[in-house]
Amino acid sequence: MDEKKETFEPGDPADPDQPGYQQPPSAYVEDAKAELGEDTSWSELHKRAFELMAENDGE
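For the sequence shown, our numbering gives the first residue as 650, with consecutive numbering after it.
These aren't lab readings, by the way, just hints derived from the structure by calculation.
Incorrect hints may have been included.
[Said to hold, decoys possible] Result set (SDA-like, lysine to any residue): computed pairs, CA atoms no more than 25 Å apart in a straight line:
no., residue 1, residue 2
1, K682, Q672
2, K682, E693
3, K682, N705
4, K682, R697
5, K682, E700
6, K682, E704
7, K682, L701
8, K682, S692
9, K682, E658
10, K682, F699
11, K682, D666
12, K682, Q671
Construct the complete structure from the given sequences, taking the supplied hints into account.
Here is the structure:
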C-alpha cells in the first residue's frame, strides 16, 4: 500500500514526526473511523480521535 505523505499543521499532535507524538488510544481511533468513515485518512482519524479524547477529559 503506497500512502502519500500526509501534511500536518506545525505542532499538530497527530503528526508522528512531532516530538512528544502520542498515538491516540485505538478505541478513540475506532470511534473516529465510525464517525468519519472507513476511507478517512490516518491524520484525519488521529485528529478526530484527539478531539474525542479532549471532549471526554472535559466531562
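Quick check: which numbered hints come out false for this structure?
Going through the list in order, the structure violates no hint and respects every one.
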